[in-house]
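Given the sequences, and given the hints that come with them, work out the whole structure.
Protein chains: 2
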Amino acid sequence: MAEFITPKILKGFRDFLPGSEIKRRDLVEQIEKSFRAYGFVPIDTPVLEYSEILLGKGGGETEKQIYRFHDHGGRDVALRFDLTVPFARFLAEHRSELTLPFKRYHIAKVWRGENTQRGRYREFTQCDFDIVGSDSPAADFEILLLMRSTLSAIGAGSLTIRLNHRGLFNRFLSKIDAGEKSPEILRIVDKLAKIGREETGRLLGELLGETRAQAVIGYIEAKGSYEDTLGGMIRAAGGDTPESDRLWMLRRFMNDTGTAASFTLDPSITRGLDYYTGVVYETFLNGLPDIGSVCSGGRYDNLAGLYSREKISGVGSSIGLDRLIAALEAQEKTTEKNTYATLAIACIREEDGGAYQHLAGRFREAGIACEVFLETKKLTQQFILAEKKGARWVIIPGENPPEGPFTLREIARRQDREHLSWENAVRIIKEAPASGL
Amino acid sequence: MAEFITPKILKGFRDFLPGSEIKRRDLVEQIEKSFRAYGFVPIDTPVLEYSEILLGKGGGETEKQIYRFHDHGGRDVALRFDLTVPFARFLAEHRSELTLPFKRYHIAKVWRGENTQRGRYREFTQCDFDIVGSDSPAADFEILLLMRSTLSAIGAGSLTIRLNHRGLFNRFLSKIDAGEKSPEILRIVDKLAKIGREETGRLLGELLGETRAQAVIGYIEAKGSYEDTLGGMIRAAGGDTPESDRLWMLRRFMNDTGTAASFTLDPSITRGLDYYTGVVYETFLNGLPDIGSVCSGGRYDNLAGLYSREKISGVGSSIGLDRLIAALEAQEKTTEKNTYATLAIACIREEDGGAYQHLAGRFREAGIACEVFLETKKLTQQFILAEKKGARWVIIPGENPPEGPFTLREIARRQDREHLSWENAVRIIKEAPASGL
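First to last, the protein sequences are chains R and S. When you line the first sequence up against the numbering used here, it's residues 1 to 437, in that order. When you line the second sequence up against the numbering used here, it's residues 438 to 874, in that order.
A portion of the hints provided could be inaccurate.
Stated by the list, open to error - Derived PhoX-like pairs (lysine-lysine); straight-line CA-CA distance at most 20 Å:
#, chain 1, residue 1, chain 2, residue 2
1, S, K867, R, K33
2, R, K33, S, K826
3, S, K867, S, K774
4, R, K181, R, K191
5, S, K748, R, K33
6, S, K546, S, K470
7, R, K333, R, K23
8, S, K825, S, K460
9, S, K826, S, K460
10, S, K770, R, K33
11, R, K388, R, K311
12, S, K546, R, K109
13, S, K501, S, K470
14, S, K460, R, K430
15, R, K33, S, K460
16, R, K8, S, K748
17, S, K470, R, K389
18, R, K23, S, K470
19, S, K867, R, K311
20, R, K337, S, K470
21, R, K389, R, K377
Worth flagging that the hints you see were computed from the coordinates, not collected in a lab.
Right under this line is the structure:
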């Protein structure tokens, strides 16, 4: 007896069948189209890198999750766990070949050996976009605007981008003599939405004592218009600063583009990652606030500091594709389609296979994706097959397949149009309203 | 003093800068468009799989090249080294969710720890397309036709697809009492182009003795029209067989689609891979025969045999993207472009950053990809930047940036058109002939 290997995949990894892969590709194509319309260009980097490059000076949580091993040559290598670290290495390595400001995007898979019990995947796709080599507020704003346009373009619905400025927060912390504990404070505040106000207060109290903890809570809980909130932040920080000027400039840009309603100034947004130094932001879908941020990022002033003396500053953001798809599905904003081909050509006689392909070629040239059926089954079976595959139309060839006349069946309506010429079939298919029923 | 980590990548791996990544993506998009027009649908599978799945019963050459390690959970895992084995596993695992015949494509990276001295990469991209669940010659032909259309669509120029039938070859080998040594013979013949006629004869002589070796050489060296060659093969195999009938049927399909001139029957094509059992083929660019086959494949009768009792037959092919790009570059059939944005908007005053984005948004809505410059440098410097980035046009905003009038500069011609309305600028950009000069 033959012994079979059980066909199975690793936990936290996924196969994508055509229906879900087409959905992903449609989404990625829309995202790319948006990036390209803004003049962002794609790059790619290796999936595998030296562990030293990816881990830098070593980092607790990351080090535990990374897929790391020794290759045939005994090199210590690892799968990338994000697209930011490889981009930093890329910038340091190719600095002289790039024209700054450099606007790039990178859509690719990354791997983390996370606990899958929390519904996390170990293989997932990130869509990163950054502008490096510009300190201008116009760069901050372009990333914010691009987040908004991209999410609108994919039909994510009404959204709110909450932004803050880490530098201004730090000025406030210095003012209350808590500047040295800024990294810990930022990390605690970052968890506010997750752990709640009470626990945040307790953790801050442990770190700073009651009075200063209350001051921090007061700062991060400010609510109101962008202008009022910013006024309060400036008072708390002791007056106008370059950071607050930047936030005013961003508000002007929002007004001049008619996008102000999409943005909220939220002093509790800090982002956990250590490399951010300026504006930071998260994006929430108004219809699904609980799903968390679907697109986040911020400004950094020394991205490639591990690899190069040259300070490379910039601003960027990242869309988590899997979370975004989950969000769109929860809002029923995706449609499942199983094929790109709206038309199928039925197979009547095996020896006419070439003629069917010739006919299909004419439809393809007219811009109609067209699948040729390969086996001479009963017509009713071929209609069922076409329906399963997601085609809308079937051509039933006649005596002279390449030229016609033939019958065009609209599957969902069970309606046949007979004695059609090729030209008329093309016209009917192209002019049909979008939905089959 | 700070110590830096040298930014470098692994040998055999590559970064893709925007110019080459745009070229790759343009090519992949054209390939996908061609696949989709034929009704082929995309799937995706994990980069990492159980080693047992990928290696099956263990295979010498593959086992030495595969990136294999133990993950955090102690699982024996590996990076995929092709897209065929994961597809076989996918078919066995998802058989009940798929409608046969199933036409799928998969474009993705694979990894092999090959010797890089031969100019090979350790990370490279494959474009696989297969039809499974049909034994019809129409399926064989559809793959052949799709190879031809896809390579034509990307401008690979005149090409020859050389095909053969392994089953017919085996009938001939049985006829000369060499049937049992078929796998070794196929492997030797597969290397004919690489090792030459003499060495092939010597190796066959060692295996079969002089007389039978000469018979094999005679069989594989047949030249002439498709019809003459097939006639000779049938005589050598002892008469008509289902395999030769299939080759006749394919010829009929070629004639009926007007594509016969692209196909040659070549009895020396065998393909080294063990799973092929029927028609096999390789594709050569007539302008660059030395680069070898850019697209190869064949028919198999039991792809998922390692994982399932159910025999899954099919036919497929694979484009090696890297070799194809090298071929196009050698024929100077690729153009380097560094951006998708043809238009840049110059930055005159920092505080007008929002107004520039508003203006850019109007161009983007009109279908013109448009980059906004972020820093107030001298105009001449902005023109140089636009040229470096590959934009063709620059808008120089006036007093009222969103509305105009403004100046439109065509960079390569150093030509300014002044006092333009937005509508006129759109018209000029859209109606300009394709080349800037």
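Hint by hint, here is what the structure shows:
| no. | hint | verdict |
| --- | --- | --- |
| 1 | K867(S) x K33(R) | holds (18 Å) |
| 2 | K33(R) x K826(S) | holds (18 Å) |
| 3 | K867(S) x K774(S) | holds (19 Å) |
| 4 | K181(R) x K191(R) | holds (16 Å) |
| 5 | K748(S) x K33(R) | violated (42 Å) |
| 6 | K546(S) x K470(S) | holds (19 Å) |
| 7 | K333(R) x K23(R) | holds (11 Å) |
| 8 | K825(S) x K460(S) | holds (17 Å) |
| 9 | K826(S) x K460(S) | holds (15 Å) |
| 10 | K770(S) x K33(R) | violated (25 Å) |
| 11 | K388(R) x K311(R) | violated (56 Å) |
| 12 | K546(S) x K109(R) | holds (11 Å) |
| 13 | K501(S) x K470(S) | violated (36 Å) |
| 14 | K460(S) x K430(R) | violated (31 Å) |
| 15 | K33(R) x K460(S) | holds (16 Å) |
| 16 | K8(R) x K748(S) | holds (18 Å) |
| 17 | K470(S) x K389(R) | holds (18 Å) |
| 18 | K23(R) x K470(S) | holds (16 Å) |
| 19 | K867(S) x K311(R) | violated (40 Å) |
| 20 | K337(R) x K470(S) | holds (16 Å) |
| 21 | K389(R) x K377(R) | holds (16 Å) |
In summary, the numbered hints that this structure violates are 5, 10, 11, 13, 14 and 19.
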